Amino acid sequence: MLITCPYCGPRDVIEFTYQGDGNRERPDSASQNFEAWNAYVYDRLNPAGDHNEIWQHSGGCRAHLRVVRNTLTHEISSVAFVRGDHQGRGDHGSAARRKAEDKA
Amino acid sequence: MVERQSPEPLSPLEPEFHVGSHGNFEHGVEIILTETRPGSIVQLAAWPGEEKKLIAAIRTVTGLALPDGAGGGLSDGVKSVFGFAPGKFTVADEAEGLAAAFAKVVTPAIGTVTDLSHGRIAIRIAGPKAEWVLAKFFAIDFALPAFPVGAGRSTTHHDIFAQIQRTSADQFDIYVFRSFARSFWKALCHASEEVGYEVQ
Amino acid sequence: MAEYSAFSLLANALKGNKDWKPAWRKPDPKASYDVIIIGGGGHGLATAYYLAKEHGITNVAVVEKGWLGSGNVGRNTTAVRSNYLLPANTRFYEHSMKLWENLSHELNYNVMFSQRGCLNLAHTPAQFDDYARRGNAMRHLGVDAELMTKAEIKRLIPALDVSDSARFPVVGGLMQRRAGTARHDAVAWGYARGADRRGVDIIENCEVTGFLRDGDRISGVTTSRGDIRARKVAMAVAGSTGRVMQLAGIETMPIESHVLQAFVTESLKPFIDTVVTFGMGHFYMSQSDKGGLIYGGDIDGYNSYAQRGNLPVVDEVMSEMLALFPGLARVRMLRSWGGVCDMSMDGSPIITTGPLPGMYLNCGWCYGGFKATPASGWCFAWTIAKDQPHDLNAPFTLDRFHRGLVIDDKGQGANPRLH
Amino acid sequence: MSPRRADTGGRIDRLKTIRFTFDGTAYTGHAGDTLASALLAKGVTLYGRSFKYHRPRGLLTAGVEEPNALVTVLKGEVREPNIPATMVEIHDGLVAISQNRFPSLAWDINAVNQLGGNILSAGFYYKTFMGPVFGPLKGTRFWMFCEHFIRRAAGLGSAGTAKDPARYERMNAFCDVLVVGSGPAGLMAARTAADQGARVMLADLEPLFGGSANWSEESIDGAPAADWARRAVAQLAGRDNVRLLPRTTVWGYYDNNTLAALERVSDHKDQPGKGEPRHRYWAIRAKSVVLATGAFERPLVFPGNDRPGVMLAHAAERYANEFGVLPGERIALFTNNDSAYRAAVALKKAGAAVVAIADVRPELSPEIRKLAAEAEAEIFAGHAVVATEGGKALSGLKLQRFDMANGALIGDARSIHADCLLMSGGWSPTIHLASQAGAKAEWNAARQAFLPPKPTQSWIGAGAFTGSFSTAEAIAEGRAAGLAAAGGPSAPSVLPVVEAVPGDPDPAPVFEIRAKGKSFVDFQHDVTAEDVRLAHREGFVSVEHLKRYTTLGMATDQGKSSNVPGLAIMAEALGKPIPEVGTTRFRPPFAPVSIGSLAAERFGDLKPERLTPMHDWHLANSATMYSAGLWYRPMIYGHAGETVEQAYVREAKATRESAGIVDVSTLGKIAVQGPDAAAFLDRVYTNMFSTLAVGKARYGLMLREDGLAFDDGTTWRLGEQDFLMTTTTANAGKVMQHLEYFLDVIWPELKVHVTSVTDEWAGAAIGGPKARQILAACVTGTSVDNATLPFMGIVRGELSGVPVMICRLSFSGEMAFEVYSGAGHGAHVWEALVEAGKPFGLVTYGLEALGTMRIEKGHVTGAEIDGRTTARDLHLDWMLSKKKPFIGSAMMDREGLIASDRLELVGLIALDNLPFNGGAHIVEEVDEANPHGSIGHITACCYSPALGRHIALALVKGGKARQGTRAHVSDPLRNRFGPVEIVSNHFFDPDGSRMHG
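Residue numbers (numbering that gives the first Met the number 0), protein chains in the order written: chain B, 0 to 103; chain W, 0 to 199; chain S, 0 to 418; chain G, 0 to 996.
Calculated from the structure, these hints are not laboratory results.
Mixed in with the good hints there might be a few duds.
To be verified - Below, a list of computed lysine-lysine pairs in the BS3-like style, where the Cα atoms sit at most 27 Å apart: (1) K153(S) - K606(G); (2) K409(S) - K959(G); (3) K162(G) - K185(W); (4) K137(G) - K97(S).
This one's a predicted model, so the numbers in the text were calculated from it and none came from an experiment.
Using the sequences plus the hints, can you model the full thing?
Laid out in structure tokens, this is it:
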């Protein structure tokens with residue numbers, strides 16, 4: 000399986016670490032809503048089809064990526080930095096990213 | 000000769016660094032391996048939006064003007080620089096003192112400077128079979144159009160994290176963690192035996 | 000239906016094997032049952048069997064989307080053991096072990112359970128102590144366990160590299176002699192035949208497409224072969240739990256589905272007798288009666304329902320295999336396959352009533368489900384019949400995660416890919 | 000010349016004679032021969048024994064699908080079992096032996112199994128061997144007794160135990176177009192794509208490119224097809240955008256067009272070149288793939304179809320045309336399609352007598368009849384073979400009139416004398432890779448075959464793979480595929496002109512001739528047509544049940560020839576069409592792959608080694624090294640004649656009496672930099688770091704999100720925005736990922752950079768009553784007195800000309816300092832410290848002494864922070880700040896994590912003064928015979944030189960409340976039982992006066 004890192008380009012899955020369900024929302028650090036905390040820590044969407052997930056390019060640029068991947072076919076339909084759009088990241092990062100977005 | 004302020008740092012490759020020709024060299028040496036031992040290796044990282052200022056700082060300190068694009072870089076044979084992650088760059092210099100020089104121009108508002116002069120080992124692989132041998136380790140495309148001269152790549156060989164800069168058509172400088180360097184060096188020599196290699 | 004025996008085999012052989020009857024019927028679904036079990040895999044079939052045998056509940060249907068045993072019971076590496084660290088797991092798997100020990104007789108079907116032992120190799124003194132802790136935990140619960148020295152291990156498995164020059168030299172191991180392997184398909188077929196003989200309807204090629212409701216209560220299922228009503232609907236669809244629960248309107252679960260690859264070599268003359276596991280990575284291997292080395296390693300590490308693995312794990316598993324058995328370099332991998340595992344948040348299963356009224360849930364087996372088959376079916380049948388868990392599965396609740404009562408044998412926390 | 004070798008023709012080099020042995024007998028062959036062709040040329044008919052019945056078997060095929068002729072190749076002590084003789088290229092000194100026979104291939108005692116034929120039917124194991132329900136053989140014993148013999152009878156070749164000295168390598172490749180298969184379709188595709196400028200790889204599992212062109216005897220552009228192929232290959236070989244991979248089996252089609260291939264680099268050589276691998280594993284990422292993998296010919300199922308001398312028609316054609324070997328002198332053919340007639344002509348041309356062609360079809364086309372006439376063969380249209388005769392070689396066969404409409408046999412059988420029977424049951428496209436790529440095959444009624452489906456990944460099919468069996472179609476499709484794959488415009492140039500033997504590609508739908516006798520479907524696993532029908536009778540009707548119940552298609556040939564006939568027989572039994580029975584999904588590998596190649600470069604060196612800067616010094620100074628994860632660390636520095644325990648006791652004692660030094664370079668070190676670094680650490684650690692002064696360090700504890708303890712270590716504040724975090728050695732990578740995750744995903748607004756600097760710094764911890772004096776003696780540029788360097792203070796100075804950073808902190812409980820220097824200077828600084836320490840009695844100590852001193856102090860490590868313990872369990876609740884939230888704070892008070900019966904950290908003292916063992920359990924009452932009632936376990940233990948006692952740390956249920964009480968250690972695994980006193984985990988200097996000193 001290949002994941003097209005917005006910075007590094009297409010790389011083998013061996014370079015990435017899976018960080019799971021990207022739909023989870025962490026409660027505010029001071030939140031006392033224990034149901035929300037429990038849901039965040041333990042409950043996962045586990046769809047058969049497109050899945051919004053977080054991967055780290057741990058064997059490359061180490062950025063975290065938001066990947067939409069089909070769990071039935073392993074087909075990847077989009078990859079983006081988790082850290083927003085990295086506005087003003089200038090020339091470093093944008094070119095490859097545009098390519099990835101065009102593909103998606 | 001580069002002037003050093005403190006004793007010569009020890010290379011972790013030492014006991015496994017055997018100058019001379021090895022492997023299938025009777026049929027011609029197609030790989031040259033060496034350790035470049037830069038005096039400084041520095042990591043620079045910009046805060047989002049501050050990349051241009053950091054690139055300007057790199058130019059100020061090294062005189063190198065970074066080209067555009069992810070992983071872009073260049074080398075003048077003494078100093079080298081390349082991007083390896085969004086807003087992050089590796090800079091190497093034959094001389095010591097790069098971290099101190101950058102500390103003066105990279106203000107906290109621009110980003111951070113991390114001295115890795117001791118933490119990374121720079122191994123140079125050159126020769127017509129350099130791409131062939133590196134392809135045994137790393138799952139990245141080493142062909143010239145995909146990996147142009149000057150450019151940098153972050154990648155891994157199993158547990159060994161590496162930053163690779165192409166410093167000419169058939170020459171690559173590989174930065175690996177010091178603790179892994181001897182293992183990697185041994186593997187690199189082993190993989191080069193097939194084509195004949197020389198350690199310089 | 001005829002009993003199987005050497006005598007019946009001979010008698011039939013003399014008649015040219017023309018008189019054998021189907022091992023189980025192929026009935027059409029009835030309009031309603033007392034219990035519907037979704038999932039015709041090992042756990043579902045075992046549940047049906049024990050419902051009939053232990054609780055006299057025979058008006059039961061097992062509905063299976065594909066062919067019987069097409070899930071993980073048909074695609075695992077067949078190891079059976081009860082060498083766990085934490086008491087809840089050890090007790091449960093030991094109950095399973097005891098059921099295994101009599102299973103062929105009970106089912107009148109040779110599931111080829113062979114107690115050839117399971118050896119966990121330790122590669123550092125600290126790991127050896129860890130295994131000692133586990134072995135002692137087993138012994139304090141009446142389960143067999145022993146430590147083996149390097150010399151004993153060399154005698155037991157001559158092909159194993161126990162040299163000091165190995166990257167991770169073997170220092171010793173933890174052996175459970177009563178552990179072993181079984182013929183995985185036979186387990187599914189044996190339970191199917193056993194349940195069928197007690198009146199259970201096994202309905203293949205019948206996909207559940209939704210749930211029928213009576214108010215809040217689940218009162219049946221809609222399927223590709225029509226609606227089927229039931230007082231109780233039990234799920235045993237590990238690997239597809241997320242999908243089926245979504246049909247019931249439950250979107251999130253403490254489970255991720257991951258693909259686990261397994262491998263078999265070409266057939267070889269006897270090479271190893273026991274199940275053996277590598278301590279410095281994730282690798283396990285045994286040899287089948289047919290001679291193939293059956294082995295596997297870690298899960299691929301991302302959500303998947305694809306029953307299709309990728310290369311990095313293949314390479315890793317083979318490297319670990321050769322680290323232990325350098326003589327196998329020229330032996331060839333014949334087949335690989337992928338199974339989809341319910342990876343839970345603590346690495347332990349869920350066998351419980353609920354979470355909806357009328358529903359019963361059996362899931363979260365990670366990659367340990369095969370050896371659990373008898374106890375899983377036995378405990379689940381109890382839970383369905385009595386509307387409350389047996390002591391053995393009482394800790395395996397769904398709410399244990401939220402309550403902080405996790406059963407985390409590996410200590411990895413809520414990170415399914417690490418269990 | 001041997002009697003069966005023709006004088007001319009084929010790819011072999013008759014001038015080069017090669018010597019080899021098979022089962023100890025010396026043979027000769029020629030360069031270019033396979034083991035199969037060389038033995039066949041010498042008149043060998045018997046190659047192996049079948050799996051179950053041990054029936055004698057000959058060659059069925061000439062290629063990778065061979066089910067019968069499996070051999071073991073020996074290289075000294077190294078064994079390579081189960082290799083088809085058809086895939087072994089002979090070379091001087093090759094040693095091959097047959098398998099699964101005793102005492103010899105010709106006389107195999109297990110052939111007696113054939114007598115039990117009907118009992119050993121499909122599924123018989125499941126019905127018996129269960130044994131008595133009482134007595135000594137109850138339970139699993141009887142089965143295991145029987146199994147012992149069954150296992151010895153089963154299995155094909157034997158694996159070796161000797162380490163393989165050969166090299167295996169992995170290669171990562173990227174290309175625009177990967178062409179799999181080098182027949183006319185593949186060659187055209189590769190040539191066309193290369194012409195478009197694409198980066199092309201062309202792989203074929205045979206040593207010689209060309210595929211069917213090498214044996215078809217057709218002509219292309221006026222030249223023999225083989226010459227055309229050779230020219231095409233030569234053109235490709237000269238281009239630098241093309242890589243040719245002969246002897247390369249593409250065996251796996253994985254996600255995103257990642258393909259796996261095995262190149263047999265040097266198996267065919269007497270000796271590999273220097274550094275040359277035996278196998279090379281190619282991981283190929285291709286933008287597009289052209290699948291031109293051809294088709295496999297199918298056998299027909301009829302009684303005696305497995306007798307040596309019965310062979311596939313095209314295999315005989317290959318032996319004749321590629322190797323110049325005649326498989327027989329009097330040859331008969333049995334077919335349901337036209338392709339076999341081409342073989343008849345070829346064999347006639349090569350010098351054999353073609354005595355009969357039995358064709359199940361009553362009507363034959365004039366072209367076909369003309370071919371038969373050319374072969375001077377008598378045609379038996381509407382006939383079938385109903386029996387074969389002979390022992391270890393074919394002597395004859397019986398024909399009977401056959402009614403294709405109902406499968407009935409009519410009239411009397413007629414005998415024909417022949418020493419070779421060729422069969423052709425039609426062709427199955429080799430769709431394995433397409434199926435692996437994720438799609439289901441589609442049945443084509445005309446071709447009577449499964450054809451490839453619509454692609455689910457980026458591949459294009461060409462030639463016989465798509466069911467286009469003629470060379471002209473293959474060439475046209477190959478070119479189209481090459482263009483499409485390279486993304487080029489359509490080329491107007493003229494296609495090569497093919498002169499081919501005529502023939503209809505569609506076979507008659509006949510798979511089995513039902514007559515008395517064993518008719519084999521799966522040759523290698525001895526699955527007969529009757530076995531398939533038995534499976535049907537017992538309800539194992541789905542294709543997967545059929546496969547699993549009968550083992551059809553599960554042998555080393557993976558059903559390449561048996562799948563479709565097996566399905567056809569089941570379909571007939573069910574009265575359903577074949578596609579309704581289904582087809583199995585193919586999974587990797589396409590053909591068996593050496594495990595050596597898959598392990599590739601990691602073979603023998605599973606993981607890289609991580610070495611500290613002082614590693615070589617340790618080795619040179621009598622350290623015994625301990626493997627800790629990937630790191631190596633000194634365990635002890637033993638003196639001659641010392642035991643491990645004597646050594647660590649000496650080291651620990653000397654440290655507490657004078658001073659000791661230990662290498663701590665392996666500790667994880669992370670630079671945490673930026674304006675928000677302090678705020679970030681407040682969120683990450685349970686305690687406060689924003690209040691830490693510059694130039695000071697603090698001990699910190701991290702929890703996981705679920706509230707359990709995660710890692711601990713000290714963090715040094717080097718500047719306002721500049722922290723150096725240390726982690727445990729084992730968790731360094733995990734902590735780094737944890738920090739990166741929160742910075743990237745959860746709190747992207749924080750301006751913090753984290754960088755692994757573990758390798759940047761060498762660390763030496765020096766502790767003991769004389770540690771400060773030693774430092775004072777060698778450190779310049781700073782004082783190390785109490786005022787300058789208080790507890791948890793940091794100073795910078797120089798040591799032997801090297802800049803160092805010194806932090807006063809203690810793990811041993813002594814007055815201690817960690818001296819950090821650039822890693823390149825680590826050994827230098829270490830040696831300077833050791834030298835400076837000599838007058839003070841400084842010892843070097845290893846992990847054992849380190850562990851001993853930490854146990855005496857009651858510090859926790861990974862044995863206690865084991866992923867199941869909380870801060871409270873470890874008495875670290877004083878570190879849980881109440882002033883701020885931190886990672887884990889919201890979850891740490893859940894009911895399960897504050898329960899009273901949790902395991903809590905305690906100390907143990909052995910009251911019998913005997914050593915403890917790690918992993919021993921604790922009980923209230925000892926019961927040696929029936930151990931039970933565990934209340935906890937020992938996490939670490941040692942002999943304490945400071946206390947003069949055997950002590951341990953343990954996690955015990957409600958442990959805190961038990962302090963001061965007695966319990967027992969219970970270690971049935973090592974038969975160690977005895978009384979203990981439960982005490983605080985702080986055994987030694989609990990108020991810390993020594994380290995604060």
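Right, here's what the structure says about each hint:
For the given pair, K153(S) sits about 23 Å from K606(G) by alpha-carbon distance, which is consistent with the 27 Å threshold. Distance restraint check for K409(S) and K959(G): the Cα-Cα separation of roughly 25 Å lies within the 27 Å cut-off, and the hinted pair is therefore satisfied. Between the alpha carbons of K162(G) and K185(W) the distance comes to roughly 20 Å, so the proposed pair stays at or under 27 Å and holds. Distance restraint check for K137(G) and K97(S): the Cα-Cα separation of roughly 13 Å lies within the 27 Å cut-off, and the hinted pair is therefore satisfied.
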